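Engineer: From first to last, the protein sequence lines stand for chains A and B. Under full-length UniProt numbering, the residue at position 9 of the first sequence is numbered 9, and the numbers go up by one with no gaps. Under full-length UniProt numbering, the residue at position 511 of the second sequence is numbered 511, and the numbers go up by one with no gaps.
Note that these hints are calculated values from the structure, not bench results. This structure is a prediction, so every number in the text was calculated from the model and none was measured. Treat the hints loosely; a few may be bogus.
To be verified - Below are the DSS-like pairs computed for lysine-lysine, each with C-alpha atoms no more than 25 Å apart in a straight line:
{"hint": "1", "chain 1": "B", "residue 1": "K283", "chain 2": "B", "residue 2": "K236"}
{"hint": "2", "chain 1": "B", "residue 1": "K62", "chain 2": "B", "residue 2": "K102"}
{"hint": "3", "chain 1": "A", "residue 1": "K16", "chain 2": "A", "residue 2": "K65"}
{"hint": "4", "chain 1": "A", "residue 1": "K65", "chain 2": "B", "residue 2": "K283"}
{"hint": "5", "chain 1": "A", "residue 1": "K16", "chain 2": "B", "residue 2": "K483"}
{"hint": "6", "chain 1": "A", "residue 1": "K65", "chain 2": "B", "residue 2": "K116"}
{"hint": "7", "chain 1": "B", "residue 1": "K242", "chain 2": "B", "residue 2": "K62"}
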Amino acid sequence: MTQTTYTAANISRIIKNYIIQEFMYDRVATDLTIDTLLIEEGIIDSMGIFRLITFLEEQFGFTIKPEEVVLESFETITAITGLVKTHLT
Amino acid sequence: MTYLLSQLLTQSTRAHAERPAVVNRKDQLTYGDLDELSNRFAHQLQQVGVTRGDRVGLYVEKSLEAVAAIFGVLKIGAAYVPLDPAAPIRRIAYIIENCQMKALMSTTRKMAAFQKASQARNTPASVLVDDPQSLATASADPPSFPQAIENDLAYILYTSGSTGTPKGVMISHRASLTFVNWAYDQFQLRPTDRVSSHAPFHFDLSIFDIFATIRAGGTMVLVPPSLSVFPINLAKFIAEQKITIWYSVPSILTSLVLRGNLAEQDLSALRTILFAGEVFPIKYLRQLVDFVPHAEYYNLYGPTETNVCTYYHLRPADLSPDRNQALSIGRACANTETFVVNETGHIVSPGEVGELYVRGPGIMNGYWGLPEKTGTVLTPCPVPALPGTEIVCRTGDLVRETPDGDYIFLGRRDNMVKSRGYRIELDEIETVLYNHPAIESLAVIAVPDEEVTNIIQAMVVCRTGQTVSQSELQGFCAQSLPKYMIPDTIEFRENLPKTSTGKVDKTSLRREAME
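Just chain A, with the same shape it has in the complex (with noise of 0.2 Å):
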């Protein structure tokens, strides 16, 4: 796999693509900000976390521990950007 630097604009850029992709097909997707209540507002519901965090393993290449699925690390786009951050440094 080929080193790829991320900058936090493009990793958030491709989590919102994929929230949009996979979770927003029942509703308007502009509606999306990096700081929509994503567990809140329902976008993201017990099922989709399990296939948010298998994308985010195998897209940045790192594994995610189980007790960092908390609530404060997936609550928005910036949330989770975060999380992925600290993985990537």
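Position chain B against the provided structure of chain A, taking the given hints into account.
Structural biologist: Using the frame of chain A, we list chain B on its own:
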């Protein structure tokens, strides 16, 4: 004499006005507050013309206001109809029209979104639960006592219907109180109890959380729905909130066992754990008991139509490592009679398989506006020794009685399945999908899953020359179906296997899917 649900609040307010009745994150209402707020809602409802016997929809996230709204509706002798706040507008609009709702209670934001999207012809009157101005002008005094009787409807709970639209289960005050009084006695609820409110209000598990807790003068602790996605946060919440009685579907408890880091939490306050809605796999229950050994465990059973009608108190022997039988659903609750009937309408001997029938004051009044469907479920009692005409409720569940006198649940008579504790009519999903123009034929099947009971899978054959993607079809379903009914996976095929009579062969599809 207590014969209406609203009296439970009035009585507990008299005894415990200063005690907390409902807690939502950092906010709370004391019994005095809850009583007063529900009075204000009651007056607002009267102002828009709601009277005894009317239906009032609750289209609102779980909140302190939602609990007060429930009691506000009940206080004027109307029936509340809890709606899934995340359900598609089309489904909400259907229910509003189906039960001829007189008023809809909601928040400013949700009401605006609903009115914009629904373009409903007959929008019911609206009462906003978050409008301080109109609340302040409504009287806080109790409304005059409703001239209602216990046979009147207290609420209507809509569940999945096999004909493609949801059906409303009508529950009277008497039916609800039969269960609530039993649960209050059985689990010895006290004013010091902090009871979880995990299930959404449109799900019948909430009846215990709301009414048994209020009857006891205890505290309802609203569990934020977002926590169910993160078992670690949920476990922390249970510990921090010092929950004493927990009630939820087993799949939530399984997720706590598997991913909740339970060993790190102080769960000493938890004294009773209740679960219902689906089968709890013994291996996860065993692990839960290891984490929380001091609690009492009960398996509660009963479709929405009967309330909880049987219960089973877990014994250590049920968890022995060599046990391979499913956990029992136990025996009938107080003031409830159950019996097992075979296909010819006769009561079977213990040990034989048959359908579970329920007799007693706890059963529903019927399905709203569906007399024929009601007639197939509420039927004359097959026990010949009873004088007069007695109606009993067929559960549709197949059971067998053990030598100990407890029932074992074996499966369904029809196409209904459970997933994450929700009941789902596979036919309803099929009916919705068949409306998609690209689809030629399809089958929706339930594939057994250890953690969530069943995964919903659709097998689709497209018309020649047409294609459609999984997410397009899921989006199509989301216009009519709640999230828990949308197929988890959709498989595209050239054709589907048929039985000798030309029907889609679901048995072989299910067998294939399980391999």
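Engineer: Please write out, lowest number first, the hints stated earlier that are contradicted by the structure.
Structural biologist: 6
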